[in-house]
Amino acid sequence: DGGITQSPKYLFRKEGQNVTLSCEQNLNHDAMYWYRQDPGQGLRLIYYSQIVNDFQKGDIAEGYSVSREKKESFPLTVTSAQKNPTAFYLCASSIAGGSGNEQFFGPGTRLTVL
Amino acid sequence: DQQVKQNSPSLSVQEGRISILNCDYTNSMFDYFLWYKKYPAEGPTFLISISSIKDKNEDGRFTVFLNKSAKHLSLHIVPSQPGDSAVYFCAGGGTSYGKLTFGQGTILTVHP
Numbered sequence: 001d002g003g004i005t006q007s008p009k010y011l012f013r014k015e016g017q018n019v020t021l022s023c024e025q026n027l028n029h030d031a032m033y034w035y036r037q038d039p040g041q042g043l044r045l046i047y048y049s050q051i052v053n054d055f056q057k058g059d060i061a062e063g064y065s066v067s068r069e070k071k072e073s074f075p076l077t078v079t080s081a082q083k084n085p086t087a088f089y090l091c092a093s094s095i096a097g098g099s100g101n102e103q104f105f106g107p108g109t110r111l112t113v114l
Numbered sequence: 001d002q003q004v005k006q007n008s009p010s011l012s013v014q015e016g017r018i019s020i021l022n023c024d025y026t027n028s029m030f031d032y033f034l035w036y037k038k039y040p041a042e043g044p045t046f047l048i049s050i051s052s053i054k055d056k057n058e059d060g061r062f063t064v065f066l067n068k069s070a071k072h073l074s075l076h077i078v079p080s081q082p083g084d085s086a087v088y089f090c091a092g093g094g095t096s097y098g099k100l101t102f103g104q105g106t107i108l109t110v111h112p
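So the sequence lines, in the order shown, correspond to chains A and B.
Yeah, the first sequence ends on 114 if you go by this note's numbering, and it's all consecutive.
Yeah, the second sequence ends on 112 if you go by this note's numbering, and it's all consecutive.
FYI, nobody ran anything at the bench for these hints, they're computed from the structure.
Please note that a few of the clues may not be correct.
[To be verified] Ranges between beta-carbon positions, derived for each pair:
1. B/Asp59 - A/Glu72: 44 to 52 angstroms
2. A/Thr86 - B/Gln3: 24 to 32 angstroms
3. B/Arg61 - A/Arg110: 24 to 32 angstroms
4. B/Lys54 - A/Gly63: 48 to 56 angstroms
5. B/Pro112 - A/Ile51: 43 to 51 angstroms
6. A/Lys57 - B/Ser74: 25 to 33 angstroms
7. A/Ala61 - B/Ile18: 23 to 31 angstroms
8. B/His111 - A/Ile51: 27 to 35 angstroms
9. B/Lys54 - A/Gly3: 24 to 32 angstroms
10. A/Thr86 - B/Glu42: 17 to 25 angstroms
11. A/Asn84 - B/Glu42: 19 to 27 angstroms
12. B/Glu42 - A/Gln56: 23 to 31 angstroms
13. A/Arg13 - B/Ala41: 14 to 22 angstroms
14. A/Gln17 - B/Ile18: 48 to 56 angstroms
[To be verified] To be clear about the criterion: a stretch of chain A counts as covered by chain B if any three or more of its residues have a C-beta under 8 angstroms from a C-beta of chain B, and this derived list gives those stretches:
15. 15 to 23
16. 26 to 40
17. 61 to 70
[Stated by the list, open to error] Quick list of in silico lysine-lysine cross-link-like pairs, DSSO-like style, CA-CA up to 30 angstroms:
18. B/Lys68 - B/Lys37
19. A/Lys57 - B/Lys99
20. B/Lys38 - A/Lys70
21. B/Lys38 - A/Lys14
22. B/Lys56 - A/Lys57
Since this is a predicted model, take the numbers as computed values, not measurements.
Glycine is no exception: its CB is placed at the ideal position from the N, C-alpha and C atoms.
Okay, chain A solo, but in the shape it has when bound (with noise of 0.2 angstroms):
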C-alpha cells in the first residue's frame, strides 16, 4: 500500500525549540517536497529535493533546514530562528522534478508552538 506518512498529526512545541518533521514514502519517487499552508495563503514551497543528497532552497526556506540522505525519507527541522512556525506542514512527492509530474501529498502535520 504505497503513499506518504508524515508524523506526528499534531505537533506542540515551546517557543525557541527546534522540532523535526518526518516525512517518509515508499512510492519510489525521486522528488520530493515541503510546503507550508497558512489561512488564505495557499500552499508556499519551503525546500524540495530531486535526487538524494541534493536540494534547493524554495520561495520560504528562511528558519527551515533539511536533509536528504535517504530516497524515501525528507525530513524538515522547523528551527528557533523561524518567526511564525504555527502551520500546516505538507510533504509531497513526485516520480521527478520534471515537466507533467503530479505530486502526492501526505496528510499533514499541524504544528503549534506555544
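Fit chain B to the known structure of chain A by using the hints.
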C-alpha cells in the same frame, strides 16, 4: 511576486449546477498546470492537469480549459455535488523548474 493567482477566495453553488473556478498566471515558462482538491486538515489530492499544448482536458465531471494568450485557466465541475465542497488549488509548473507554484486556493461550497 505571485505567479499564480486565484482571485476568488470562495464560490457558492447549488447542487446540480456548474462550478467554475478560475486561475490566472504570469509566468510564460509554465508548460503544464494542475488542479488539486483539499479537505480541511488533509493533504491535497490531484484532480486534473493540462499541458500548455492543449486548450482543454476532460475527466468525468471535471474539465480544465487553458487560454494561453490570456494566461488564464479554469476548472469546470458539472454537475456539482455536495461532496465537491473543498478548497481547490491550481498550480503551474515548468520543465526547467522541477517544482510547482500554487495559487491561494478557492473555497467551493455546494449546497444541497
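Against the structure, the hints:
1. B/Asp59 - A/Glu72: 44 to 52 angstroms: Violated, since B/Asp59 and A/Glu72 (Cβ atoms, about 30 angstroms apart) do not stay within the stated range.
2. A/Thr86 - B/Gln3: 24 to 32 angstroms: holds (26 angstroms)
3. B/Arg61 - A/Arg110: 24 to 32 angstroms: Once the Cβ atoms are compared, 31 angstroms apart, the range 24 to 32 angstroms for A/Arg110 and B/Arg61 holds.
4. B/Lys54 - A/Gly63: 48 to 56 angstroms: Distance hint for B/Lys54, A/Gly63 is violated at roughly 40 angstroms.
5. B/Pro112 - A/Ile51: 43 to 51 angstroms: Since the Cβ atoms of B/Pro112 and A/Ile51 sit about 48 angstroms apart, the hinted range of 43 to 51 angstroms holds.
6. A/Lys57 - B/Ser74: 25 to 33 angstroms: The hinted range 25 to 33 angstroms holds for A/Lys57 and B/Ser74, with Cβ atoms some 32 angstroms apart.
7. A/Ala61 - B/Ile18: 23 to 31 angstroms: Taking Cβ atoms as reference, A/Ala61 and B/Ile18 lie about 40 angstroms apart, which means the hint is violated.
8. B/His111 - A/Ile51: 27 to 35 angstroms: With a Cβ separation near 46 angstroms, B/His111 and A/Ile51 fall outside 27 to 35 angstroms, so the hint is violated.
9. B/Lys54 - A/Gly3: 24 to 32 angstroms: Given range 24 to 32 angstroms: holds, Cβ gap about 29 angstroms.
10. A/Thr86 - B/Glu42: 17 to 25 angstroms: holds (19 angstroms)
11. A/Asn84 - B/Glu42: 19 to 27 angstroms: holds (23 angstroms)
12. B/Glu42 - A/Gln56: 23 to 31 angstroms: Holds - the Cβ-Cβ distance for B/Glu42 and A/Gln56, about 27 angstroms, lies within 23 to 31 angstroms.
13. A/Arg13 - B/Ala41: 14 to 22 angstroms: holds (19 angstroms)
14. A/Gln17 - B/Ile18: 48 to 56 angstroms: holds (49 angstroms)
15. 15 to 23: violated (count 0)
16. 26 to 40: That given contact holds, which follows from 4 residues of the segment 26 to 40 of chain A lying within Cβ reach (below 8 angstroms) of chain B.
17. 61 to 70: violated (count 0)
18. B/Lys68 - B/Lys37: Distance ~23 angstroms between B/Lys68 and B/Lys37 Cα, so the pair holds.
19. A/Lys57 - B/Lys99: holds (11 angstroms)
20. B/Lys38 - A/Lys70: Since the Cα atoms of B/Lys38 and A/Lys70 sit roughly 28 angstroms apart, the hinted pair holds (cutoff 30 angstroms).
21. B/Lys38 - A/Lys14: holds (29 angstroms)
22. B/Lys56 - A/Lys57: violated (33 angstroms)
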